[in-house]
Each structure stands twice: as structure tokens, then as C-alpha cells.
Amino acid sequence: MSAPPVLGRRPVRLGPVSTVWRPRAVLVPVVLAVVALVLAAVDVGRGDYPIGVLDVLRILAGDGEQADRFVVVELRLPRALTALLVGLAFGMSGAILQSVARNALASPDILGITQGAGVGAVALIVLGGGALGGVAEVVGPPVAALVGGLLAAVAIYLLAWRQGVSGFRLVLVGIAVSAVLTSTISYLLVVADFTEAASATVWLTGSLNGRGWEHVVPLTVVLAVVGLLAMTGGATLSALRLGDDSARALGVRLQTGQAAQLGIAVVLASVAVAAAGPVPFVALVAPQVALRLVRSPGPPVLAGGLAGAVLVVGSDVVSRTLLPVELPVGVLTAALGAPYLLYLLARRTRRSDA
Amino acid sequence: MTAAPTPDGPAGRLVARDLTLGYGERVVVEHLDLDVLDGGTTAVIGPNGCGKSTLLRALGRLLRPQGGQVLLDGQRIDRLPTREVARALGMLPQSPVAPEGLTVADLVTRGRHPHQAWFRQWSRDDEAVVAEAMTWTGVLDLADRPVDALSGGQRQRAWIAMALAQGTDLLLLDEPTTHLDLAHAVDVLDLVDRLHHDRGRTVVMVLHDLSLAARYADHLVAMRDGRIVAQGPPREVITPELLADVFGLRAAVLPDPVSDGVLVVPIGTRHTRQAAVRGTSAPTRGAA
Numbered sequence: 352m353s354a355p356p357v358l359g360r361r362p363v364r365l366g367p368v369s370t371v372w373r374p375r376a377v378l379v380p381v382v383l384a385v386v387a388l389v390l391a392a393v394d395v396g397r398g399d400y401p402i403g404v405l406d407v408l409r410i411l412a413g414d415g416e417q418a419d420r421f422v423v424v425e426l427r428l429p430r431a432l433t434a435l436l437v438g439l440a441f442g443m444s445g446a447i448l449q450s451v452a453r454n455a456l457a458s459p460d461i462l463g464i465t466q467g468a469g470v471g472a473v474a475l476i477v478l479g480g481g482a483l484g485g486v487a488e489v490v491g492p493p494v495a496a497l498v499g500g501l502l503a504a505v506a507i508y509l510l511a512w513r514q515g516v517s518g519f520r521l522v523l524v525g526i527a528v529s530a531v532l533t534s535t536i537s538y539l540l541v542v543a544d545f546t547e548a549a550s551a552t553v554w555l556t557g558s559l560n561g562r563g564w565e566h567v568v569p570l571t572v573v574l575a576v577v578g579l580l581a582m583t584g585g586a587t588l589s590a591l592r593l594g595d596d597s598a599r600a601l602g603v604r605l606q607t608g609q610a611a612q613l614g615i616a617v618v619l620a621s622v623a624v625a626a627a628g629p630v631p632f633v634a635l636v637a638p639q640v641a642l643r644l645v646r647s648p649g650p651p652v653l654a655g656g657l658a659g660a661v662l663v664v665g666s667d668v669v670s671r672t673l674l675p676v677e678l679p680v681g682v683l684t685a686a687l688g689a690p691y692l693l694y695l696l697a698r699r700t701r702r703s704d705a
Numbered sequence: 012m013t014a015a016p017t018p019d020g021p022a023g024r025l026v027a028r029d030l031t032l033g034y035g036e037r038v039v040v041e042h043l044d045l046d047v048l049d050g051g052t053t054a055v056i057g058p059n060g061c062g063k064s065t066l067l068r069a070l071g072r073l074l075r076p077q078g079g080q081v082l083l084d085g086q087r088i089d090r091l092p093t094r095e096v097a098r099a100l101g102m103l104p105q106s107p108v109a110p111e112g113l114t115v116a117d118l119v120t121r122g123r124h125p126h127q128a129w130f131r132q133w134s135r136d137d138e139a140v141v142a143e144a145m146t147w148t149g150v151l152d153l154a155d156r157p158v159d160a161l162s163g164g165q166r167q168r169a170w171i172a173m174a175l176a177q178g179t180d181l182l183l184l185d186e187p188t189t190h191l192d193l194a195h196a197v198d199v200l201d202l203v204d205r206l207h208h209d210r211g212r213t214v215v216m217v218l219h220d221l222s223l224a225a226r227y228a229d230h231l232v233a234m235r236d237g238r239i240v241a242q243g244p245p246r247e248v249i250t251p252e253l254l255a256d257v258f259g260l261r262a263a264v265l266p267d268p269v270s271d272g273v274l275v276v277p278i279g280t281r282h283t284r285q286a287a288v289r290g291t292s293a294p295t296r297g298a299a
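Those protein sequence lines, which keep their order, are chains A and B. Sequence positions in the first sequence follow my numbering and run 352 to 705. Sequence positions in the second sequence follow my numbering and run 12 to 299.
Hints listed in this document are in silico derivations from the structure and should not be mistaken for laboratory results. Predicted, not measured: the structure shown is a model, and the values here were computed from it. It cannot be assumed that every hint is accurate.
Stated by the list, open to error - On the chain A side, residues computed to face chain B include the following (Cβ under 7 Å):
1) Leu365
2) Thr370
3) Gln417
4) Leu580
5) Ala586
6) Ala590
7) Arg592
8) Gly594
9) Asp596
10) Ser597
11) Arg599
12) Gly602
13) Gln606
14) Pro648
15) Ala697
16) Arg698
As the list claims (entries may be wrong) - Pair by pair, the computed Cβ-Cβ distance ranges are:
17) Asp271/B <-> Ala611/A: 29 to 35 Å
18) Ile526/A <-> Val240/B: 34 to 40 Å
19) Arg420/A <-> Arg94/B: 36 to 42 Å
The beta carbon of each residue, even a glycine, is placed where N, CA and C say it ideally should be.
Turn these sequences into a full structure, and let the hints guide you.
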């Protein structure tokens, strides 16, 4: 009864629900998710008191000894979960921004959104200085980062606005704003005293050290809400990728659609920075890697997020297993992500030359 | 769609009333009235910068008028829901660019956007309409090819297929033959012609080539400095006097040997046999 597939694509239909079966669009995210979870399990096992991967999984399933349970669930799981969620948020944020701006450079670290978050947190650490104590010392920097990131995004959007926002202008304005914010951070570090500058620098590198459930919970809540919103925006993003005029001709309410997608991306990036600091390069590279794995016409949001999760958790694992000294995760994300992107680019070029 | 089409009547489906258009301070079109011929092909001609693309963008609701209004089925187009407009009126911008790696099938499928929801991305209707649009434009065999790897003519046909898949009665095309060689330009215009002959679609397009415009349009609109200077059947509109007036072009207008249209033969200042030229046109500028 079913009609033969036309146009080489297999339809999936159930009642009013219908979509196209694209093997790579399903398989790549599944594989990335499995890899990310396995890496997270390895990550949880690492430390002064090593626990095997299978034991970790047994403990997470509800078995295992009391002492091991405490180490895994209370001490180490939050760190691994933070890494997963931060990577997911950065990757999704980058994929959305790159799609809306139609520019692979449009990631929160290039546009100055993470720098805005950095200024917020560093300003609080340095200027708030000794006045901070107790709860404020833990909660303060993330909240300041969140505010800083959102303010930077609003400033960039308003400065780039000229009867609408074009992607290229957004990137240029973002680079300018980012430069101003970077020098602001440098200024703050120069005027800070030694201990404040040291703790601000660690935060700025992007670190997963000492992350607890108090970091995981807000991240999870925001990702659940905003991430779901991002998923339903897929069709709008597909239309936006065709250009402003085409998108509007196809019935997309351009300004509303753009602003909503940008808003989602900014919140995702800001929460991620608030949780782990401005972990560099993840938001730029993860969507591009996912794009080449899925072979989709634009950076895929979900796969981009999962690639980000693999990158952050993988960097943490490498830092804690292969290296003699444990480095902040931010040092490794760029070192691992960049060569892989270069490899993908080189491979693709060679194939299209052939 | 309930009201019967009224060719040449004042109440067409798409009309512009007292339209003033511009970008910021710069006014491009002033106090313009236009009734788009229902079920016909209208070509807008005029020199560079005369406001013809701006007019088309306003008709397609890509540009908000500074004054006056565009009416779609009697209602102000800027007050209608965006999706509703997208189901009635398709618009192909000038030299659109597809993202790298987007396949022809994916591009044409985007045309279904105003009919889709996040949970309904590939219904039987979508599939049938997309397949038909691709067959019709001759890009079915290219379904899995990336748009950026196609030739100019193929690419333009793929974009027209997308606009077609949108399933609208009204179609606005901004210079559909730009960057195409003559053979491919004729190919694309034949396709547009079949659209309104076989399908009863209303087409408005901006064209640069005057002979092609005269050949393919039922109704010609000549613009200069943001105003309509003349409009009507091509043979009445395209005269040496109008070409001199609108384009500042000295040209001979001859009967087209293969159609009911006319041929525009530019005169220029060199390579011209003076005996043949004498008395063909009233020059307004340039050598004489």
C-alpha cells in the first residue's frame, strides 16, 4: 500500500506526525551520546581513589559499597555531569548562533558573549574582593557571569541592529565588543591583588574542579527548558539558513524568529560559562565537527551539543589520565578540538578535489 | 480565491496603492500605484536603480512601505499573518544563496515550510507537491546533488522549484535570469511562461533583457526614478521614444521574426551603419 519512496528519501509517518528518515541524523547523535556517557563513566572512576568503569556503572545502577557510593555520587559525579552539560550547552549554543548568522565564526566566544560573562565574574571576584564570603563566594561569580553574558549579548544585538541583523555585521560587531571586553578583563586582572588575580585566572581558563550538585542542578533545569525550545526551532533555523529574504518569503517572522533563536543561544552559553567558566573553542568547533559527521546543510543543534559534550568530557578524561599534571579542562578543549576540525577540513577538501 | 479573477480590472489580487518606499532617508519609490494582472505575466523593466527590485520586495512584503500600502486580496499585506501571506504569495529574491551542501531535494522541500509544523515535516502532500515541482522544473534527476555544485541554470530551476513547492497562486521573481547565458535564460523564462499558461499562476518578474521581457510578458511596466512611466502590452510600451526616455538608450525597435513580440536593437556610437540608423530614434543624450 505504501507509495515507493520518492526523491531517494524514506518517509516516517504516524498519524499527523511525519518526518524524513535520515540515517546519519539519528545515528550520529546516538553514537555521540554513547561515547559521551562512556567517557563520563571513565571520568568518574579517575582520581586518587580509582574505581573501574564497570564498578562505576554498577554504583550508578544502585549497587556497590557505601564508601564507593559516596565517592562516586557525592564527589565525582557532579564534576562529570557538569562537563557533559556544559559541553552540551556550548555545542547547542554555537550551532544555533552559526545557523542564525550563517557564519561558522559566530560562536559565543568569538561574538564576545563568553567574554561578557568573564567580565561579570572577574569584576565580582576582583572588585567584590574580600567583601564576598560564605554563600556569595560560591554563587556570586556564576550569577555575575550570567548577567555579564546576557548584557554583552544585548549590547551586540543593539549595535549590530540596522533594520534587522545581518550575520556578517553581527560577527564584526561581536569581534569588536569581544576585544573591548577582553581588555576590560586584562585591566581588572592588573588592578587585582595577587590572590584575587590567581583565582580569577583559574576561573577564566575554564575549570571543572570542585563542581558540585549546586552547579549541576541549575544547569540541568535551564538545559531542559531552553534545550527543548531549541529543538522545536529546527524548521525556523532551516529556513533562516536560506537567507533573510527567502526565510521571510517562506513565512518566517524574521525578527521574532532571529531574536528568539539568538536569545536561546545566549542563555545556553551564559549558563555554561556560569557553571565552568569560559571553556574555549567548544562552541566554535563542536557544531562544525557535528556538521561534517551528520553531513547536514547547516550546523545540527542536537548533534552539535553532543559533540560538545564529548569534547569537554573527553578533555577532562585526557587531562586526568594521560597527562602527568592535571590541567584545567579549558586548556585541553582547544588543543584537542582544533586539530580534529583541521583534520575534517583537510579530508573534505581532498575528497572534493578528487 | 473565491472571487473570480478580473483581468485588467482595478481589483486584482495584488495591488499597490500610493506606495512610497525607501531605505532610511533615501526614498526610492514615490506614490506608486500598480494593479498586478491576475493570471498573467507582468515584467517590470527600467534602468539600474529605478526602484524595480525595491517595488518587488514591497509587493512580496520583504520591505515595509514608508507610505501607502500593498493589498493582497483586498487586505493590507503587512497586517496579515506571515504564514498566511507565504501560502498565497511566493517570492524568489535576486541571486539567492543556498548553504553549502544543501541538496536540491532539501531546498525544494523548504518551500513547504509555510505548510509544515515541527511534528509534520514530510506529509504525503509535501512529498507529492515537492516531487511534482521537481519534475516540472526538470530537477528531479538532480535531487541528491548539492545546490552549490549545480550550473547556474540548474540552480535557478531548483530555486524556482522551491517557490513552486510553496503552492502559491502568486509568484514574484527578482531577475530570475541574472548570471545565466542566453540559452539558460530562455530555458528559465519558458518555464515561467508555462507556469502561468498551464497553471494559471500570476507572475511578476523583474527583467533586464528588454527583448526577452517583450517576448515573455503579457503586461510590461516601465519604471524610471521610482515612478511608472508606461505600462501595457509590450508592443505598445516598447517604442524608440520610451527607450530613449526611460533608459537614455538609442535603439531601433523591430518586429520579432519568431513571435508577436518586438526586438530591441541598441544603436550605440560605433559599429553602426549610419544609413540604417537615420530616423529610427530620437536620441536624448550621447553622440549624434
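Cross-check of the supplied hints:
With a least beta-carbon distance of about 10 Å to chain B, the hint placing leucine 365/A at the interface is violated under the 7 Å criterion. Interface restraint check for threonine 370/A: the shortest CB-CB distance to chain B comes to about 4 Å, inside 7 Å, so the restraint holds. Contact between glutamine 417/A and chain B, as hinted, is not supported at the beta carbon level, the nearest pair being about 46 Å apart and thus beyond 7 Å. Taking 7 Å as the C-beta cut-off, the interface hint given for leucine 580/A is violated, the closest approach to chain B being about 11 Å.
Here the hint on alanine 586/A is kept, as its CB sits about 6 Å from the closest CB of chain B, short of 7 Å. A least Cβ separation of about 5 Å between alanine 590/A and chain B falls short of the 7 Å threshold, and the interface hint therefore holds. Taking 7 Å as the C-beta cut-off, the interface hint given for arginine 592/A holds, the closest approach to chain B being about 5 Å. Taking 7 Å as the C-beta contact cut-off toward chain B, the hint placing glycine 594/A at the interface holds, the least distance being around 6 Å.
The criterion of a C-beta within 7 Å of any C-beta in chain B is met by aspartate 596/A, whose closest approach is roughly 4 Å, and the hint holds. Interface hint at serine 597/A: satisfied, since its Cβ lies 5 Å from the closest Cβ of chain B, which is below the 7 Å cut-off. Proximity of arginine 599/A to chain B holds as hinted, the smallest CB-CB distance being about 6 Å (cut-off 7 Å). Contact between glycine 602/A and chain B, as hinted, is supported at the beta carbon level, the nearest pair being about 3 Å apart and thus within 7 Å.
Evaluation of the glutamine 606/A hint against chain B yields a violated restraint, the C-beta minimum of about 11 Å exceeding 7 Å. With 7 Å as the threshold, the beta carbon of proline 648/A comes within range of chain B, its nearest partner Cβ sitting at about 4 Å, so the hint holds. A cut of 7 Å between beta carbons decides the hint on alanine 697/A: the least distance to chain B is about 17 Å, and the hint is violated. For arginine 698/A, the suggested interface contact is broken, since its CB lies about 15 Å from the closest CB of chain B, more than 7 Å.
Between aspartate 271/B and alanine 611/A the Cβ separation comes to about 52 Å, which falls outside the hinted range of 29 to 35 Å. Hint check: isoleucine 526/A to valine 240/B, Cβ distance near 46 Å, so the stated range 34 to 40 Å is violated. In this structure the hint that arginine 420/A and arginine 94/B lie 36 to 42 Å apart at CB is violated, the actual value being about 54 Å.
In this structure, the earlier hints numbered 1, 3, 4, 13, 15, 16, 17, 18, 19 are contradicted, and the remaining ones agree with it.
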